[in-house]
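Peer 1: Required output: the full structure, derived from the provided sequences and hints.
Chain by chain, the residues:
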Amino acid sequence: MEEKHLFRVMEEPLSADRIQSLVASPDAGAVNLFIGTVREWTKGKRTLSLTYEAYVPMAEKKLAQIGMEIAEKWPGTKTAVHHRTGPLEIGEAAVIIGVASAHREAAIQGSSYAIERIKEIVPIWKKEHWEDGSSWIGDQLETSRYDEGGPDID
Amino acid sequence: MEEKHLFRVMEEPLSADRIQSLVASPDAGAVNLFIGTVREWTKGKRTLSLTYEAYVPMAEKKLAQIGMEIAEKWPGTKTAVHHRTGPLEIGEAAVIIGVASAHREAAIQGSSYAIERIKEIVPIWKKEHWEDGSSWIGDQLETSRYDEGGPDID
Amino acid sequence: MISVYFFAGLKEAAGQEKWEIDREEISIGELRREAAAAFPEAAEVIGRSMMAVNEEFASDSELVTSSDNAAFLPPVSGG
Amino acid sequence: MISVYFFAGLKEAAGQEKWEIDREEISIGELRREAAAAFPEAAEVIGRSMMAVNEEFASDSELVTSSDNAAFLPPVSGG
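Protein chains in written order, with the numbering used here: chain A, 1 to 154; chain B, 155 to 308; chain C, 309 to 387; chain D, 388 to 466.
The reader is advised that the hints may include incorrect statements.
What the hints assert, rightly or not - Heads up, simulated DSSO-like pairs for lysine-lysine below, C-alpha to C-alpha not over 27 Å straight-line:
#1 B:K197 - A:K73
#2 A:K73 - A:K127
#3 B:K281 - B:K215
#4 C:K326 - B:K281
#5 B:K227 - A:K43
#6 B:K281 - A:K73
#7 A:K61 - A:K73
#8 B:K215 - C:K319
Simulated from the structure, these hints should not be mistaken for lab results.
Peer 2: Laid out in structure tokens, this is it:
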């Protein structure tokens with residue numbers, strides 16, 4: 001598989017099997033996939049649909065940077081992240097993170113690290129359409145981004 | 155989806171997309187999938203292939219028990235586990251654990267809990283075929299099972 | 309008659325996957341001793357195996373009857 | 388001429404996704420002030436936005452030239 005397929009922001013539906021095949025290798029004994037999906041109810045508020053918008057070239061560059069950070073912290077891991085843009089329905093996958101490693105600890109820890117870093121440095125916004133209106137809010141990874149002085153300048 | 159599809163031990167290849175669809179729900183904002191795959195090299199020893207054998211009805215019952223334990227510890231989660239039996243090639247998935255939840259912490263923690271419990275209570279054995287021989291050893295989740303006085307009697 | 313199933317390395321050591329013992333009721337501890345006597349080449353692994361009765365782990369003091377499903381679950385030696 | 392891109396809520400507040408300012412070089416701090424003056428209805432969110440130059444986060448003291456890609460990245464208010 002080409003490296004350029006590993007970190008993508010795209011309008012097409014995401015596939016867990018595809019991410020798995022992108023990170024697979026004979027040296028990997030474990031693959032952890034984290035999938036952020038569109039939830040209908042949040043604190044009693046009903047979501048009808050979501051729209052994601054990204055600064056695509058920067059978002060893909062930052063996702064690749066996160067993959068490199070994970071490979072530095074957990075040597076031998078291979079990471080792929082696909083994030084969707086455009087309108088999404090309830091239940092659809094907004095982001096899939098895949099980390100493959102020889103042993104399971106690195107795959108799981110690397111996935112959690114990717115979730116945190118995506119919130120910090122990847123320019124993707126979510127517009128939530130509720131029953132009673134809409135607004136631009138945090139991404140599908142659940143917390144606010146850039147909310148305390150913004151991400152670190154690198 | 156029928157509950158009986160959630161916890162299965164089977165000879166057919168496993169699919170991450172299938173597990174995702176089994177645990178998906180409008181209330182879930184996160185799905186974590188853990189995939190144990192057949193690794194070629196372990197501590198300098200080359201694996202050619204693996205064969206899994208299970209006490210199938212008991213293994214499926216114990217997998218379902220683990221799903222119930224996860225639902226008790228992390229209310230609102232939904233779990234599915236598929237484990238493969240028979241001969242597997244390098245890179246193929248031996249087990250896929252899926253946990254869906256409203257928030258990501260429960261999905262990730264539930265997956266790790268399932269990995270530990272599968273090692274403890276699910277009767278599945280792995281026969282590893284190396285370049286220099288073969289033997290029955292631990293499962294794809296990497297540590298020994300029943301090795302220190304066996305699992306707890308429940 | 310009580311049917312007992314063997315798996316994995318134990319099945320290979322015993323040379324068969326199903327063993328029948330002509331009893332109507334037996335304690336698991338005694339069943340373990342009878343199995344070890346019937347398959348001396350597998351005695352060591354029988355001693356280290358868990359026993360399942362009707363697909364649940366069972367302790368040596370429990371009884372097995374001819375209507376139960378019994379199985380020895382051999383240990384594995386670490387991966 | 389320097390082109391500056393707006394995204395998400397900032398794009399909606401400003402009513403456009405691309406803004407051009409007739410300079411060859413400008414500091415990000417000054418660009419921020421010029422944008423706030425040009426789009427008073429978006430001034431508040433401009434003040435809270437990060438700035439990216441050539442797809443990297445940039446601080447207010449850095450310079451942008453007409454050959455660079457500049458973008459305001461608005462914050463989000465938490466999900």
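Peer 1: Taking the hints in turn, state whether each one holds.
Peer 2: Hints, one by one, checked against the model:
1. For a cut-off of 27 Å, the pair hint linking K197 of chain B to K73 of chain A stands: about 21 Å separates their Cα positions.
2. For the hint pairing K73 of chain A with K127 of chain A, the CA-to-CA distance comes to about 33 Å; that exceeds 27 Å, so the pair is violated.
3. Simply put, K281 of chain B and K215 of chain B have alpha-carbon atoms about 22 Å apart, close enough for the 27 Å limit, and the pair holds.
4. Note on K326 of chain C and K281 of chain B: the hinted pairing holds, with a Cα-Cα distance of about 20 Å set against a maximum of 27 Å.
5. About 21 Å separates the Cα atoms of K227 of chain B and K43 of chain A, which keeps this hinted pair within 27 Å; it holds.
6. Under the criterion of a C-alpha separation no larger than 27 Å, the hint pairing K281 of chain B with K73 of chain A is inconsistent with the structure, at around 33 Å.
7. About 19 Å separates the Cα atoms of K61 of chain A and K73 of chain A, which keeps this hinted pair within 27 Å; it holds.
8. With a C-alpha separation of about 22 Å, the suggested pair K215 of chain B and K319 of chain C falls inside the 27 Å cut-off, and the hint holds.
Of the numbered hints stated above, those contradicted by the structure are hints 2 and 6, listed in ascending order.
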